[in-house]
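Q: Chain A is already provided as a structure; the job is to place chain B on it using the hints.
Just so you know, the sequences run in chain order A and B.
So the mapping is simple: the numbering used here equals the position in the first sequence, first residue as 1, plus 2.
So the mapping is simple: the numbering used here equals the position in the second sequence, first residue as 1, plus 176.
Take the hints with a grain of salt, since some may be wrong.
Claimed, not checked - In silico SDA-like cross-links for lysine to any residue, where the CA-CA straight-line distance does not exceed 25 Å:
| id | chain 1 | residue 1 | chain 2 | residue 2 |
| --- | --- | --- | --- | --- |
| 1 | A | 234 | B | 315 |
| 2 | A | 55 | B | 314 |
| 3 | A | 181 | B | 327 |
| 4 | A | 234 | A | 166 |
| 5 | A | 45 | B | 315 |
| 6 | A | 55 | B | 212 |
| 7 | A | 55 | B | 293 |
Read the hints as simulated data drawn from the structure, not as lab findings.
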Amino acid sequence: MAQDTLDTSLNFEFWLNKAVAWGQATTLESQQDVCLHLPQLQKFLQQIYETLKHMDFHTAIQRFPLIGQLLGRLCWNPFVIGYDENQKILMWCLCCLYCSEPWNTIELEVNIWIRSLLCHLLSSSKLGLNEVGTVSQALGYTSPDYYPKLLKNMVLSLANELRVNHLNGFSIGKTIPDKQIKAMSLLCIPLLTLPDILPLLEALLTYQGDESKEILCSEFLEGVNESFLQKKIALSESAVLSLWLRHLPSLEKATLHLFENLISRHRNASPEEMECFIKDSLLPQAACHPSIFRIVDEIFWNALLETNGTSEVLTVIQVFTRCFVQAFQKNNDQLKFPLKSYFPYTSPSLIMVLLQNPKDLPRGLWCQHLNHISEILKKIVEDQSTQSCRSLFEHWFLFIHFGEWADIAAEELLMLRAESPATLLWLLAFYYNPHDQNQQRTQTMVDAAEAHGHIMKLFGRTPLSVKDLQDVTDTRHPRIQRLIRHLLLNFLLLSPDGYKIAQEFIITQTDEIASELLNLIARITYRWNRLGVETQRPAKLAKDLLQELQCYTMKSEFL
Amino acid sequence: MEVLLEQLERFAEVLAVSRTRHASSWGRVAVRRSLCWARYLRHVHGRFRLRGPVRAALEGRLRRLRLRPAPLGGDAAPAAPCPESGPPLSFEGLGCGEQLLALGLLENASLPSPALHELLQRLRPEGPAEPSEEGLGNRLAELARRRAASQLLRPLLGSGPAQPDPVLRRTEAELLLLRLRQEAEAEPGAEALLLDRLWQQLPQPRWLAVVAEALLLPPAPGPRGAACAPDEDDPGSPSDLGPAPAAPLLAWLLSRPAPLAALCRLLPAPLLASLAGRHADLAEACLDLLWDWAGHLHFDLTKGAWVGSDPEGLTWERLRDCFRCFCQAPAPLSLQARIALDSCRARDGGFEAPGLSVWTDLEREERSDDFSKITYLGLNLRF
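The shape of chain B in the complex, shown without the other chains:
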């Protein structure tokens, strides 16, 4: 067992190095050996894939590896994994370790020719010396085929370069939830760190769209016993993620005022309403936030409209759109929204005339909407 764990560590290092300039020192033997390890660990993954003590031990070791600074022989390496060295190795990553290694080496411009040549020979049918080596070429070819298939089918999905691509969003959302689960297994609390980092790193509209999609993904089909094997081809499928995959994401969102505010401000109103309709906690938080913002609006007599004191803050139009969508959402949310409107209006004095209380005016808008019977088709619109 100890030998296995050592090899696991060795391979994780190797995988990390394969993507950096340190690979320039690799020769044929290094490539051969690393592929050998990758293959061996793939078999290990196949054998211990169903949860059990061996898998737990391997995952534990991988967890500890991530916290330890990577020894890169002399160079002071940063404690956090640098982006170019690729993702930290997870147990599931062992299943496609060979492919990850091969792709890493292929994409690494600093790998010398003889080393790459060694790799390429092993992709050919005559290349592998042993029968157990076969398959890497086939798997990579399958990857190429799938990539071509995505490229072929893409134009059919109808979204232009300017519009966001719903299929892409969905895939990214699934990957996000998968990563969150992996982080949670590695170490409790790591999910929040990851989400913080992503919030800093990615452009806001992009990130928020993915978060929204992830929160709207359909839940798992039903309770599954521990004896069920996870889907080998698709580890991130909703059924494998457990009963409440988005729980950590929701928790993070509710505990971070900045992302929550950005969500309420930037997400298209109908999408926000779908989210709120699905997660009661979020609905409450959003309504609180909207109430808070509404307090910052004052009525400008010269313009005859409500304006905000903060030019970056919420506008009257946004507030109105949000409430409009909330009130037209299905049951608990619409009721919640209307009650909020009523109570806030009452608190402000219960006026009927416009321009005195922002809540009165909001409610007038809702009433006129109801009167003219505008309906949004399919409130679970997902943009």
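Only chain A is shown next, with the shape it has when bound in the complex:
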């Protein structure tokens, strides 16, 4: 396309000028500039190759008269060659230009030039390295034999120096000045995805200087984070932790990346799959460090606000907290921070009581525990002296983290095991409507009790029809719609009659409500699996229902 050709031509001039300015990237400025442009350069080279691969030498020269200059200069820039796939693409371009049957002097010379450039890229015979050939050549080895070894030894030596430097910092005095460490990090930027470099990356990331200022250059930290998020390098947990502790933007990016994965890209992921993603991201493990936890939490908080607390986000927070608690409890040998450092604005007694894993309590005691939670929360909410908007939402946010208890409350209400359903209803009401003022709350409680009663009556009714269900969810109580849906869903899963018409009912709902209900079902089956609850038949039925509904929604989206 004409537009493309124009773009490439303009770009060509731009990149040729850059290549000339960079030279062999010996100055700090040129090095920094190269590192900044590496990804775009690779894209550009790919475009060039796509064009060149259909051409022979003559056509290529007509199209790009200065191609020789560009390729030649780039091949002598080790930053360019060391990055990702640049060396491959440059090699391909050179191979394209080679004349198979040179007819004149020019073509002969071009061939000689290409051959020497390829030799420079690949072999050791004309090196800037100090006599590296002598002994190795005498031994009969060539570049494929010793470059891997040489590089490995270089990396180990540098990583070792860093470690020693770090230890010596307090007594003998450093052998490596800070400026050189910064230079080291800059030099690693093109090499990030080369597996051999990993020990050096880890040594740099865990290096602590004396200064409180960051020594490593920020492009390095960003580059490492990016490569880690794209799974191009396999860093150890401690290296990732160091990275996130010293570079806030990386942590934020990692959290947002996880969120995007869970909410947008894998929308139908079950909580089990979410758990896998979350654990892989290393964020729960890193969050054992309170400062990291606070930042991740802040991002969750914003997500909640932006989406008005949709069910998907609530599930993510719940699963994340579960993974975090697991990591926290496993963290025996390292420094354990007090719980208060993770949730500084909330009452410690509430934290303790919410932290209780339902798995560790006999089922019969769940109601009692829920009552306890409800009591504490109620006291906090109704206590005039702590009644600040912020405090209220902090406590509600804490409750959201352990929202499993709210799910259990809904279930217990349906199973009629509660001595005082009002307490459990209050809990659920607070879960969905934290901002109710006193009078509103009283009204909410009345409405909720009525709805609950209505649903309990459905147990006896046969035959059950969709209309009966719709009667419950009509807009008589607009402010507690979500609470009602939650209770109704539990009914549908726990009662055989309800189960029969569940699918029919859910299909009649709007897309938004349907996905909320699906999300709830997923959460419920996840909990049942984890807690090994004896509702095995309902569990299997719920799973089947979920699968059928997911197929249905995908089909309807497609249509």
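A: Just chain B now, kept in the frame of chain A:
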């Protein structure tokens, strides 16, 4: 099996020829065929890499190939491999045979254009006709990337052009041990021949530095069962070389007076002490040599110092430095050195006055060192 062995021979020849001017007769078909062989043998290497009867048979055939004069069609070829034809092919070399071939062809100026063109087309993603051919371009690109990485990281290692580069030494030492192991597997006794040749060929200080490094490399981490697969990416890593990789090197050194003498004379004294501390045999040999040399020193009254009769031989300063480092080395060596000093001094008559016995004077030096409490930091200094 016989077919496989034949192809192995054919490929070894081809690889040797690819680096010589005989490649000027190659055309496209020759290049294609040789790459095909290389690829096939790479698969063979991958399959039989873990030691077993097939691998042993292949290694045996390669061994015999090396002893046979290479038939180069009419030309009287020398029996020993000429340097320009590259190293003799080993079993491990089959693993990167394609790369070796490609590099050989690339570096060979006498290869005609159509032939090189054929090779270059196969490096491109669209080039290979079959999917099994892919990968050569990628592997070469990886090599280029590693080379660039070494170039980038080199300035950080801090050694200038005048100073020897420790990382380079270490790499060369590892390669030396790898080669020694390969030679030993090929034929017992071949290691000594190789080491003799290298001693003749390379400049002494360079060679001695590599030998010292090789002798100081850390030993293998622990006994490994035969079932353990060798490290594919790094065949020369210490763990793969077996429990005593430097044994042949040490044996050679101890059996050759000239290199041993050069070692004692030229190596920096602290490094010599580390070596001696690590290998008891070497310590004994060095002490013997030093004792022998000391006998050639006489006290020159006009200069007031010990001088040697042979201007090329050991100087008093060297003797003193060596003993100083030996006495300050950790346990067995320091004890050995001091006992040697004492006994030699006693043998000479046990004098206390300076200028009468070289041993007395040496011991006085040691005592004054102890008195002023000079310590060398970290006696395992590796230069």
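Q: May I ask which of the numbered hints given earlier this structure violates, with the numbers listed in increasing order?
A: 4
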